[in-house]
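Using the sequences and the hints given, assemble the complete structure.
Chains A and B, in that order, are what the protein sequence lines are.
Heads up: the first sequence at position 182 corresponds to 182 in full-length UniProt numbering, and the numbers run straight through without jumps.
Heads up: the second sequence at position 37 corresponds to 37 in full-length UniProt numbering, and the numbers run straight through without jumps.
No lab work stands behind these hints, which were simulated from the structure alone.
In this text, a Cβ means the ideal position worked out from N, Cα and C, and glycines have one as well.
Possibly wrong hints are sitting among the right ones.
On the chain A side, residues computed to face chain B include the following (Cβ under 7 Å) [what the hints assert, rightly or not]: (1) 22; (2) 94; (3) 102; (4) 271; (5) 278; (6) 284.
Per the computed footprint, the stretches of chain A lying under chain B, defined by three or more beta-carbons under 8 Å from a beta-carbon of chain B, are [as the list claims (entries may be wrong)]: (7) 249–256; (8) 260–268.
Listed next, the stretches of chain B that the computed footprint assigns to chain A, with coverage defined by at least 3 CB atoms under 8 Å from CB atoms of chain A [stated by the list, open to error]: (9) 86–98; (10) 184–195; (11) 250–256; (12) 272–285.
2 protein chains.
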Amino acid sequence: MRGAVIHAPGDVRFETVDDAKILKPTDAIIRTAVTCVCGSDLWPYRGAEPTEQAHPMGHEYVGFVEEVGAEVTAVEPGQFVVGSFATSDNACANCRNGFQSSCLNREFMSTCQAEYVRIPNAQGTLVATDGVPGEEYWPGLLAVSDVMGTGWWAADAAEVRPGSTAVVVGDGAVGLCAVIAAKELGAERIIAMSRHEPRQRLAREFGATDIVAERGEEGVARIKELTNGIGADSVLECVGTAQAMRQALSSARPGGDVGFVGVPHEVAVDGQELFFSHVGLRGGPAPVRRYLPDLIERVLTGRIDPGKVFDLTLPLEQVAEGYKAMDERRAIKTLLKP
Amino acid sequence: MRGAVIHAPGDVRFETVDDAKILKPTDAIIRTAVTCVCGSDLWPYRGAEPTEQAHPMGHEYVGFVEEVGAEVTAVEPGQFVVGSFATSDNACANCRNGFQSSCLNREFMSTCQAEYVRIPNAQGTLVATDGVPGEEYWPGLLAVSDVMGTGWWAADAAEVRPGSTAVVVGDGAVGLCAVIAAKELGAERIIAMSRHEPRQRLAREFGATDIVAERGEEGVARIKELTNGIGADSVLECVGTAQAMRQALSSARPGGDVGFVGVPHEVAVDGQELFFSHVGLRGGPAPVRRYLPDLIERVLTGRIDPGKVFDLTLPLEQVAEGYKAMDERRAIKTLLKP
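Encoded structure:
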């Protein structure tokens with residue numbers, strides 16, 4: 001079969017790779033319906049994370065079950081399934097606590113930009129839809145498997161409540177999905193921090209009531225202006241840089257909450273600053289599995305349409321161009337069709 | 001009048017100081033009923049915080065109202081009052097959000113180891129009891145003004161819930177009060193980390209179900225052993241050192257919560273570690289005012305007796321010995337009687 005392989009920064013190739021095979025009785029194999037490129041895939045693509053040897057890429061997927069291992073009874077061949085970038089048995093103590101992305105048997109997906117994908121922990125990871133959804137829903141369901149689930153987690157971790165004020169730091173696909181989540185969870189005011197006109201437009205379409213283009217101290221000052229000088233109840237940090245974390249912590253009111261969902265790169269939080277801010281901080285890889293049934297329902301009923309974050313669609317074999325367009329900010333997020 | 005003044009590390013003197021006077025119409029003056037020495041007073045006493053010039057000490061108090069400023073109507077001369085180490089107008093946005101220790105008009109108390117004390121923001125800060133409580137309740141009410149309020153905040157910030165497992169890091173007066181709080185909030189298992197036999201005994205009396213004497217990696221291993229390998233739901237960090245914070249973050253389960261209430265000294269939290277731990281983190285100076293009515297009630301009905309943390313009582317004029325005994329760990333906490 002064929003799939004995407006990164007060889008070095010800037011060098012992603014679509015080439016022949018090992019066929020996806022059942023390796024454990026808890027595995028399933030799916031035929032990819034659609035997959036995509038993630039903002040976090042750009043870290044190695046840009047050399048911000050090392051690529052020591054060539055390896056497959058991709059952790060987002062929806063597809064058709066091809067084959068299941070002997071212990072997998074929850075799904076069966078032919079079904080359309082949605083999963084998560086973090087697989088989970090959905091049975092261990094951490095899963096039962098709702099933190100499936102800290103499952104004791106967790107394996108992160110990493111080979112999804114391919115024609116077929118092996119899904120470890122299939123029993124706990126995959127959720128089948130009722131019948132095969134129309135193709136128009138595939139992008140939304142694909143978003144649920146990562147960016148929409150992560151945006152939801154940002155809003156959940158930041159304790160967005162009905163009537164509250166939320167700030168979203170980051171206008172990538174996760175940040176835009178975080179706007180959807182804040183709106184669905186009832187935030188009355190949603191301030192999206194974005195400097196890019198097409199993203200500002202999508203943020204507004206998703207429910208943002210205000211846009212702040214400024215960053216750093218000016219950005220914080222604008223947020224304070226918009227929040228009676230106090231700061232926001234909830235801040236959703238969807239980037240992962242030290243600058244974004246500073247922005248987030250400085251934008252929350254005393255007693256407010258920051259949910260941080262961008263994998264932190266060289267971020268350190270000063271204990272005394274956090275202390276005197278009274279801000280609550282929680283982050284991590286999104287426990288997408290917890291939200292899957294609800295988010296699938298919201299997509300299939302048309303209540304939300306996170307699939308709109310895909311503003312470029314390419315055949316899977318043009319995956320390299322998909323990376324390039326996102327790296328050059330010509331695309332928010334690239335959908336790939338096998 | 002006379003009060004405690006620190007001149008240099010290890011050098012606290014009881015001497016003549018300026019009389020407490022109404023400076024603003026929002027002030028009140030109280031005659032000190034009892035006051036005490038705080039664990040945080042030991043930071044400058046030990047030279048861990050600089051003492052650039054001699055200054056008064058003390059931030060814990062209960063007493064009798066002597067005089068009120070023109071704008072103070074909530075309390076009147078003769079009443080017995082309990083307050084907080086952080087004064088608040090109890091009216092601004094942060095106060096209304098329940099974070100009175102981030103009041104926009106906050107002034108921290110700093111002159112309470114004295115015969116009389118000026119209380120800024122008296123209207124919002126002081127809570128009068130019904131009549132004058134018997135002297136046997138004064139230590140408990142004094143504890144409420146700081147260590148018990150802070151222990152409660154630790155449990156609140158760490159989201160202690162009925163049936164949960166809580167770990168308390170630190171066996172000072174705040175840590176011991178945090179055990180009381182965890183029990184009152186319904187924790188089923190309360191693990192106190194303590195190496196000192198008299199403190200272990202008091203922790204058990206307050207509700208600890210397990211004692212862990214180990215620290216560092218061994219301490220974390222013991223906590224994991226006691227929590228099915230997962231970690232605790234809630235960890236109450238009541239010290240403020242980097243070691244204690246590491247202990248706390250490593251003892252919480254994925255998705256658990258750390259409440260940190262010791263003022264952090266040289267503590268930095270690594271963003272990526274916090275991210276992958278899934279642990280929620282919130283701290284700060286305790287919003288004691290939020291809890292005052294409830295905690296006063298619990299003390300006066302005999303439901304809790306945080307006054308037991310005072311294991312040394314001295315006349316106020318012997319305040320220097322009070323510091324010394326705590327510094328040398330001969331006392332958990334020193335009560336001072338004018």
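Hint by hint, here is what the structure shows:
| no. | hint | in the structure |
| --- | --- | --- |
| 1 | 22 | 29 Å, violated |
| 2 | 94 | 5 Å, holds |
| 3 | 102 | 4 Å, holds |
| 4 | 271 | 3 Å, holds |
| 5 | 278 | 4 Å, holds |
| 6 | 284 | 4 Å, holds |
| 7 | 249–256 | holds (count 3) |
| 8 | 260–268 | holds (count 7) |
| 9 | 86–98 | holds (count 4) |
| 10 | 184–195 | violated (count 0) |
| 11 | 250–256 | holds (count 3) |
| 12 | 272–285 | holds (count 13) |
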